[in-house]
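Enquirer: Spelled out from the first residue to the last, the chains are:
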Amino acid sequence: MQVIIAEDISKKYIIDHQKAARKSHTLRDTFSEKIKHFFGKGEQDEVEQEEFWALRDVNFTVNQGDRVGIIGHNGAGKSTLLKILSKITEPTGGKVKIKGRVASLLEVGTGFHPELTGRENIFLNGAILGMKRQEIKNAFDSIVDFAGVEKFLDTPVKRYSSGMYVRLGFAISAHLSPEILIIDEVLAVGDADFQKKCLGKMRDVSESGRTILFVSHNLAAVKSLCNRAFYFEHGKLKMQGDTTHVVNNYLSHVAKTNLQHFWETPEEGPGTDEIRFRSVKIDPEYQDSKLYIDVRTPVRVHIEFWNLADRADLNLSLHLYAFTGECIFNVGTASQSFEKGLVSATLEVPGNFLNDGSYVISIMVVKDTSTVLFQLPDALSFEVEDHREGVTWYGKWPGYVRPQLNFQISQSEVLV
Amino acid sequence: MAYSDEIVIEAGHGAKNYWRDLWKNRELLWILSRRDLSVRYKQTVIGAGWAVIRPFATMAVMVFVFSMVGKFRGDAGIPYPLMVLAGITIWNFFSSTFTQISHSILLNSNLVTKTYFPRLIMPLSSVVVGFVDFFISIALFALISVWFRHTPGWQIILFPAFLVLTLLASLAFGLIFAVMNVRFRDIAQLIPFLVQIGFYACPIAYSSSLVEANHDVWWYDLYYLNPMVSIIDGFKWCLLGDGAFFKVSSLYSTMGLIAVMLTISIYYFRKEENSFVDYI
Numbered sequence: 001m002q003v004i005i006a007e008d009i010s011k012k013y014i015i016d017h018q019k020a021a022r023k024s025h026t027l028r029d030t031f032s033e034k035i036k037h038f039f040g041k042g043e044q045d046e047v048e049q050e051e052f053w054a055l056r057d058v059n060f061t062v063n064q065g066d067r068v069g070i071i072g073h074n075g076a077g078k079s080t081l082l083k084i085l086s087k088i089t090e091p092t093g094g095k096v097k098i099k100g101r102v103a104s105l106l107e108v109g110t111g112f113h114p115e116l117t118g119r120e121n122i123f124l125n126g127a128i129l130g131m132k133r134q135e136i137k138n139a140f141d142s143i144v145d146f147a148g149v150e151k152f153l154d155t156p157v158k159r160y161s162s163g164m165y166v167r168l169g170f171a172i173s174a175h176l177s178p179e180i181l182i183i184d185e186v187l188a189v190g191d192a193d194f195q196k197k198c199l200g201k202m203r204d205v206s207e208s209g210r211t212i213l214f215v216s217h218n219l220a221a222v223k224s225l226c227n228r229a230f231y232f233e234h235g236k237l238k239m240q241g242d243t244t245h246v247v248n249n250y251l252s253h254v255a256k257t258n259l260q261h262f263w264e265t266p267e268e269g270p271g272t273d274e275i276r277f278r279s280v281k282i283d284p285e286y287q288d289s290k291l292y293i294d295v296r297t298p299v300r301v302h303i304e305f306w307n308l309a310d311r312a313d314l315n316l317s318l319h320l321y322a323f324t325g326e327c328i329f330n331v332g333t334a335s336q337s338f339e340k341g342l343v344s345a346t347l348e349v350p351g352n353f354l355n356d357g358s359y360v361i362s363i364m365v366v367k368d369t370s371t372v373l374f375q376l377p378d379a380l381s382f383e384v385e386d387h388r389e390g391v392t393w394y395g396k397w398p399g400y401v402r403p404q405l406n407f408q409i410s411q412s413e414v415l416v
Numbered sequence: 001m002a003y004s005d006e007i008v009i010e011a012g013h014g015a016k017n018y019w020r021d022l023w024k025n026r027e028l029l030w031i032l033s034r035r036d037l038s039v040r041y042k043q044t045v046i047g048a049g050w051a052v053i054r055p056f057a058t059m060a061v062m063v064f065v066f067s068m069v070g071k072f073r074g075d076a077g078i079p080y081p082l083m084v085l086a087g088i089t090i091w092n093f094f095s096s097t098f099t100q101i102s103h104s105i106l107l108n109s110n111l112v113t114k115t116y117f118p119r120l121i122m123p124l125s126s127v128v129v130g131f132v133d134f135f136i137s138i139a140l141f142a143l144i145s146v147w148f149r150h151t152p153g154w155q156i157i158l159f160p161a162f163l164v165l166t167l168l169a170s171l172a173f174g175l176i177f178a179v180m181n182v183r184f185r186d187i188a189q190l191i192p193f194l195v196q197i198g199f200y201a202c203p204i205a206y207s208s209s210l211v212e213a214n215h216d217v218w219w220y221d222l223y224y225l226n227p228m229v230s231i232i233d234g235f236k237w238c239l240l241g242d243g244a245f246f247k248v249s250s251l252y253s254t255m256g257l258i259a260v261m262l263t264i265s266i267y268y269f270r271k272e273e274n275s276f277v278d279y280i
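So the sequence lines, in the order shown, correspond to chains A and B. For the first sequence, the working numbering assigns the number 416 to the last residue and increments by one with no breaks. For the second sequence, the working numbering assigns the number 280 to the last residue and increments by one with no breaks.
There could be a bad hint or two in this list.
What the hints assert, rightly or not - Here are a few chain A residues that face chain B, going by a calculated C-beta distance under 8 Å:
#1 Ser86
#2 Ile88
#3 Thr89
#4 Val96
#5 Lys97
#6 Ile98
#7 Lys99
#8 Ser104
#9 Leu106
#10 Leu116
#11 Arg119
#12 Phe123
#13 Leu124
#14 Ile128
#15 Leu129
#16 Glu135
Keep in mind the hints are simulated off the structure, nothing from the lab. A virtual CB, placed ideally from N, CA and C, is assigned to each residue, including glycine.
From just these sequences and the hints, can you work out the full model?
Expert: What follows is the structure, encoded as structure tokens:
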């Protein structure tokens, strides 16, 4: 049975360019515009307005019991779609038919009041999410148990740690019993243990025949939980179907981030009078005929530059940074004497080394092992996607690196 | 699984079962009211005592200024402090519910952007704080009446009617302001100013009989156009008896005005409520 039928839904926002920095208008602005308009002066200094379609002609159906993962870049329209489905905002055009009670969980702990105690907030939050008082009472003990906050039930939530806050928020939502559950990025918060608990709970929910719409950037979680996926891009539903298929397609689009640069002549290349870059390039050795880098993929970094000085002692130094700015490693070549001409270098980063995430490479040319001649700060960037085999845990794998070290386990003695 | 209902989401349609939804969400209304109440006096030492102290202190100041410095008098047979207190009590109720309603959407912006429920719940739940303060002030009024050996007349049975009328008036004006407040933050600046003007434009420190005495002044009709004038006069008459000045005919036009305003503001609120999230 089809529980959600979306026909041509669109959502348009108007963006003011002149006042982009200000959140809301003031009456004075409106009046002065009206007055200018009245005197016919409006035309030239009118605010430049641009239409922005957050969603455009989106069609889909969802069947009862489907677990639909919704993926796409930030700003692709995923959250707008969820807001329309949960009636928070109206579509500009189109129509959605929904059968059954919808509960949306757009943010864990929505409507918590910091001054109220945990107990009071359970009832408040439950009521906001549409639960009846009796339903909340029945679920109360399991909520408290799931969140692990027994001791702090009568403490105002403003004194809670952020972890407790999130756990309590999720526990309440997880005990809702709607026919359709809409979830946005719950897994972005909380520690690995908690994420595992959340995913387990969501799987329970779906096994009882409910329909789940799940937005997440955690593709491993989407793959493990969902049987179908929607891939949104620039407000359009670009692809829908089987999760693995859609996720792989999405990944091969994402991966083409910034894998190479090439400069024809020394004049164009970045550098100084002494050296100029010719090319920088990442050359992945894709696994399983996939078109994106995952944690198993070995990656080669090729660098070429012109040495413009007659003779110089040069070496290269390469920094690899995580997207968050921490340096993961810094490696350097040996210093060597070069004649005028092209110099090339290759670095091999093995597979099963970097963890999943976004990385940025910066490259330095060093003279006489002491003077930095030139630095190319964001020379290259790339994404490493997750890949797991033989595990049933899909939380974010911690750490910057994910090496496969020799870690042996065996039974050393059997107790009889 | 039993499917409770089928909904259709479409542009400009709103929810078709709006009033039914509102009724279904009455528990939320109740719990949001309780939230506002229990948060109200958190981390204060005097707590609900503030609801007593504020009208009492205002009365004391006004009695000093208008009765001792300027020589204002109450209507015949009515002690001036008692008249002032009656006026302040109902005015405070109006101004606090009006202010709360006007701010109700903004104060709950986290709910507006994250969940759906009929938005009227927010202004409706915000008035409860005003009610509680009002009943505390009425208790204060009763105590002071005993001190002045004043007993109310038969009119006291109309007390609930005036209370409801005041509530409707604050909804009639508050809802429009609540909607405008979402888009124009100027409203937040305007409200305290309006309340301050209202305090002097309404018969609180003085009796409408003073206005009636200058029947032919040009602003006479303007004075009675203010719906709170006849409500306050009526409320004072209800508490203080026949001695208090009350022009009953003025109440009819007020009721008409409130009915029209309330219809317009509910219509406006319903029309705009789905776009709150886009502007908040």
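Enquirer: Against this structure, judge whether each hint is valid.
Expert: Evaluated hints:
1. Ser86: OK, holds: Ser86 of chain A within 8 Å of chain B, min 6 Å.
2. Ile88: holds (5 Å)
3. Thr89: holds (5 Å)
4. Val96: holds (4 Å)
5. Lys97: holds (5 Å)
6. Ile98: Holds, about 5 Å.
7. Lys99: Holds. Min distance 5 Å.
8. Ser104: Cβ of Ser104 of chain A sits 7 Å from chain B, so the hint holds.
9. Leu106: holds (5 Å)
10. Leu116: holds (7 Å)
11. Arg119: violated (12 Å)
12. Phe123: Result: holds, 6 Å to nearest chain B Cβ.
13. Leu124: Because about 6 Å separates Leu124 of chain A from the closest Cβ in chain B, which is inside the 8 Å limit, the hint holds.
14. Ile128: holds (6 Å)
15. Leu129: holds (7 Å)
16. Glu135: violated (10 Å)
Violation of the numbered hints given earlier is confined to hints 11 and 16; the remaining hints are satisfied by the structure.
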